[in-house]
Amino acid sequence: MRQAFSKGFIYILLTIGSLLMLLPFIWMISTSLKTPGEVMSMPPTWIPESWKWDNYLKAWEMAPFLRYTLNSIIVVIVSTIGEIITTILAAYAFSRLQFWGRDIVFAILLGTMMVPGEMLLIPNFVTLSNLGWINQYEALIIPWLASIFSIFLLRQYFLGVPKELHYAAKIDGCSNFRFLWSVMVPLAKPAIVTIALLKAIGSWNAFLWPLIVTQSEEMRTLPVGLTAFTTEAGTNFELLMAASSMIILPMIILYIILQKYIIEGVSKAGLKG
Amino acid sequence: MNQKPTLKDTLIGYSYLLPALIILGVFSVYPIIKSFFMSFYADYDFFKDIVHSYGFDNFIYIFQDTEFYKSLTNTFIFVIGVVPASISISLVIAILLNSKIKFGKLFRTIYFLPFVTSVVAIAIVWQWIYHSEYGILNYFLGWFGISPIEWLNDPKWSMPALIIMCIWKSLGYNIILFLAGLQNINPQYYLAAQIDGASKFKRFWHITVPLLSPTTFFVSIVVLINSFKVFDEVFALFNGRPGPGYSAQTIVYYIFEKFYNEWEFGIASAAAFVLFIIIFIFTLIQLYVGKRKVNY
Amino acid sequence: MEIKLTNLAMDFQQTKAVNDLTITIQDGHLVSILGPSGCGKSTTLNMLAGLYKPTAGEIYFGDKLVNQVEPEHREIGMVFQNYALYPHLTVLKNIMFPLKMAKVNKKEAFERATEMAKLVQIDHLLDRKPGQLSGGQQQRVAIARALVKNPKVLLLDEPLSNLDARLRLEMREEIRRIQKEVGITTIFVTHDQEEAMSISDKILLMRDGTLQQYTTPLEMYDKPSNLFVSQFMGNPPINIYKATVNKELKRVELKNSNVHIPLLGNVDVTKFPEDVIVGIRPESFVSETSSKELPQVSISINLIERTGRDTLLSGKIGEQQVRALISSKQQLGNVEELSLYITEFTVFDSETENSIWYFDGEGAQ
Amino acid sequence: MRKLWLMLVCAFAVLVLAACSSGSNEEQGTNSNGTSKQGTEKAEVTGIDGIEITEPVEIEFWHAMSGDHEKALQKITDDFNNSHENITVKLVNQGGYGDLSTKVMAAAKANTLPALTQAYEDWMTEYIENDFITNLNPYVESEKYGFTDDEFNDIMEVFREMNTWDGVLYGLPFNKSTQLMFYNVTYFEEAGLEVPTTWDEMKEAAEILTNDDVIAIGFENGLSIGFNQWVHQAGGQFFDEATGEFKMNSEEGKYALTYVNDLIQSGVARTAGEDGYMSGPFARGDVAMYFGSSAGLPYVAAPAAENGIEWSTAVLPSDAQSAAPFAGTNVTMFNHLSDEEKLAAWQYMKFLINTDNTIYWAQQSGYIPVRQSALDSDEWKSYVEENPTYGVAQQQLEYGFYDPRVKGAYAFKNAVAKELDKVFLGEYTVEEGLEAADKAAAKELGK
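Protein chains in written order, with my numbering: chain A, 175 to 447; chain B, 698 to 993; chain C, 64 to 428; chain D, 80 to 526.
Take these hints with a grain of salt, some might be off.
[To be verified] With the C-beta cut set under 7 angstroms, the calculated list includes, among others, these residues of chain C facing chain A:
| hint | residue |
| --- | --- |
| 1 | Ala112 |
| 2 | Tyr115 |
| 3 | Phe143 |
| 4 | Pro161 |
| 5 | Ala165 |
| 6 | Asn168 |
If you're looking for bench data, these hints aren't it; they were derived computationally from the structure.
Cβ atoms here follow ideal geometry from the backbone N, Cα and C, with glycine treated the same way.
One chain only, chain A, in its complex shape (with noise of 0.2 angstroms):
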């Protein structure tokens, strides 16, 4: 009797929570499918009068969507595979190799966490266009190819592997490299699916820097579409609304199709100090 009732409760809490977590959702779609006079009628409604699934259309047809979402689909693949190789490296480096002044490199590098993102917008830029990358899909990408949180997660993962299973590869006949790859690689599977996850969604979502980095449409990602909707008087939100909701939900998708590694990924990356 007392065991269902606190189950009832559980479920009544969590139904609530999730309530409050999907409002602004239900709001976003609901807004998405109204008539500009609608949007703006008070009180609000929460089911659309007439619904207008051609705002989707008008929307989509508001920017070159598709080459942006050609873009976006690059991007979030390219910088996604390459940091999950450079984040195994050095999370490989960071957790089973000696060297000298490893610890030291380390710390440097966790402390860049603590400066503000925006800070290093210019001088980037800056070596960018140094290199002759701006409006090429190297400036989208290849800042992003390193992200020192991916290897702090990894190489936490790693050292819980136990040591003996490098020794063994090692007898076996196994090179440090072909030992990362046939037999942690694997292992840390579910790490590797976090880190991925967490970086394509960065990646899907970010915005500031493609603007600033490119230079042509042809160039451009799916959030930078999203300033289509706004001017300096006022904002089309019912077809912001629609690009919006189009743009989140592949990134829930994707989520949905992975999530079950990302709990034994953090789970495993043992979160010791």
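Following the hints, put chains B, C and D in place on chain A, whose structure we already have.
Okay, now just chains B, C and D, sitting in the frame of chain A:
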């Protein structure tokens, strides 16, 4: 047991590190060092990159600037408002989700949604939620007899509004971290405690809390650092302004404004330097406290 | 393959883990490295494996100096305490892994792996993942993986310590059987003297990084080179008594008690120091003897434990504690005092703690 | 844990050391950089007429126009590209104005500036200060490519003045807007009120129009930033460009601030606040009139039509004098270009605001035609007849004024606005607010 690394080990080590080191070196470490420098440029032509004189002028300026103090205060209010609340709420939800329930995955997905979403898109929805006359928040508060609050118009309420939105947005990620931590706790401890006659709450307090302390510690460091660096949420929630009467101006907003709107590069760098020191000190304090309080 | 260690040493940042170790391990022998934890036995093994590079000294595999040879080129197999199986690979893939690294073609690798699995009797488990196996099965997989590439040396690092008592017994017999069958030089690290005694051709006993004794199990048991060795070997442990040598009466007199033990046979007492330590193993006490030449002591009994095969008596010699193991066939009844003969004992110099004389019943030496 | 602690301390030490040691290298790099840059700078353009564009030239125009505005701009640009054989102008949308400004700054630092950009006057002040943009006088005067006097004077005077610093023209007006009064026709008719033309009338009307559901007057969120409008109407001056003095702390300033503040404090006026833009509440019928940019016309039109709100626009009410602030950006040309590129850019600038195009642009965007001939054209006249709300802005041209063009204008205007905001939020009295604004202005201007 560590052997002393040889030159060869060192070469191997750095060869693994090289790709990450190049990227982070060029795009993180170098610009940071460069900006730290800029904070000592008293007279500087940013575009031609000519330093006419060095000095502490920028630091003197910010420490005499009431706006800077205000943004410091706001940042601290934000940190105090977000960090404990976000951590405790997500801990509770994680524990609820961890008790064997149906639809666990569905709930988890829902709580994670805000994290997946871009701040810019969702902040517009929040503006509507906070609307004083027609917003859903004041509507709910009305049930409890609370008269409408001018969340976004009243300088007194802009920080709470910002804090609530940021807690909402950060929950999902923290919940995931906590869920992961909870799964690392051996269920035998709970059985043992149950046999010892510990109530549900006591089990939570005497087993979950201490055994989860490493996770809590990690989460709190991440949340703390990110809270000190809050910017996007401020920018998006108040339409590119830091709230009515600059009431929600945080340090990073201050830095941003000095850098991008006022072209005061040295001052912006000096403020960034101060922020770095503050975060650094807090992280050290946390590490120190963590060392004593984290149970294993 | 014969293995030779000369003046081998290993320094970690502050500690000397292994100090000046010189031994030779004969081809085809199984040698146990024994000692309490932290004695340097695993370090020695890891140096043999090539996981650590020695700070000084040489390691020879056969005639070849292997100090600088990387583990993968030493032709060794190794089994770890926690087995170190690759959790993401099946049993078969685990066993095949070293062959894959050596670029053996798939078909041959498969054949050799299954053959090896048969040898260690896990050929019915090939498709399982390590997580689905019991400890003993994992152990067998680990051994198979270590042996599959026909190494010249097999290294085992406390391979039995994670198993329960019954399995341990079974597995150590298995290891011995497999080792015999393959005829491979094997080095076995353990902290369990009984394990070492039962399995090894020779035991290398270490303490604080220093070699104590390197010999056959029986000799180490009967003729320990020093007090530490005698105490480390045997369960229940050897009885130890401080004593003084009475050179005139040619006997040792136990301190704080009225007990003395004659030094029989051909012994040069004059070379004995004044203070010595006498070690008597519990099983060296017997109640009956055919020889009249044995020393005899009287024991007051506190406790009698019958364990089937033996009977363990706890009591006192004079004021000193004593444990004696006698045959269960002996009818004791409710005796309070018992007179026992001592068949063997060892005398140690109390200063150096090195052994100076063994009494083996005949009294010679 | 302890190790991490130590590591962080060490890391910090290393960062500081690294920062100190790389200092000496800094200046060397600077010098070489500085000289090389000067080398690439073109000498003062002379003899524009002698330049011919024979090779294909491609130039970029950075803008912040989105949605329908961008489409209209693209159409004009396509027309230009099609009619100019060797010139291709590429439009680059840089997001909002803030993003555009950031981008220009970054590009200036990296020497990757485009040929043309949209820019506010106060940005241009900074650009001139840093020697980024081109003196357009030679182009205007060029016989072959320039303007005739008539053509040049056809551009509204206020717009020409906005782009002129010490007699040098640095830009041409492009998307120009002004403040208008939007009002709800139904509310005024129901109350039997005329549209107010003076402050007094407005105050009277406001008191009548305000009720439980309606607040009479709405201001956009930039009320404090754009407060010069009220000071000018009160007959005062906000900032004296000639002397570089902040003038608001005066009788007129005090009068204007008191007037607006009383409206707000008595509850007959509000700012857009949480609604972002006033177009929303106005189209809902929450306010009876509001002061906002003419660029907001399309944003009012659609939802208002749907909600059945009948509305119109009128000129700003006046007090001591009529005054209407003109805002919006100009097109300016950077000066790192080759002579041919500059010429191409100049031709595009000219094209962008020729009579036909400025009419087209105004029709599509709600901005004001920048030429007298456009306003006089039949096409525009008939357009205004159909869309009377679009015709109001031009009536204010004769008394139009523009924002102070001072170095560090952003910081200056912001500092003043922060203090004025405190008045509207009830934290300061009018006197305290003016006093504080005066101090803040002095501090920023003195930098």
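Open item on the list: Holds or violated: the hint that Tyr115(C) contacts chain A, with Cβ atoms closer than 7 angstroms.
Closed with: Given a least distance of 10 angstroms, the restraint on Tyr115(C) is violated.
- [ ] Grab the minimum C-beta distance from Phe143(C) to chain A and call the hint holds if it beats 7 angstroms, violated otherwise.
- [x] Hint holds; Phe143(C) Cβ to chain A Cβ min 4 angstroms, cut 7 angstroms.
TODO: For the hint on Ala165(C), just tell me whether its beta-carbon gets within less than 7 angstroms of chain A.
DONE: holds (5 angstroms)
Task: Hint check, Pro161(C) versus chain A [nearest Cβ-Cβ separation less than 7 angstroms] - done: holds (4 angstroms)
- [ ] Go through the hint on Ala112(C) and say holds or violated, using the shortest Cβ distance to chain A against 7 angstroms.
- [x] Since the shortest Cβ distance to chain A is 6 angstroms, the answer is holds.
Open item on the list: Hint validation: Asn168(C) versus chain A, beta carbon distance must be below 7 angstroms. Holds or violated?
Closed with: violated (15 angstroms)
Going through the hint list in order, the structure does not satisfy hints 2, 6.
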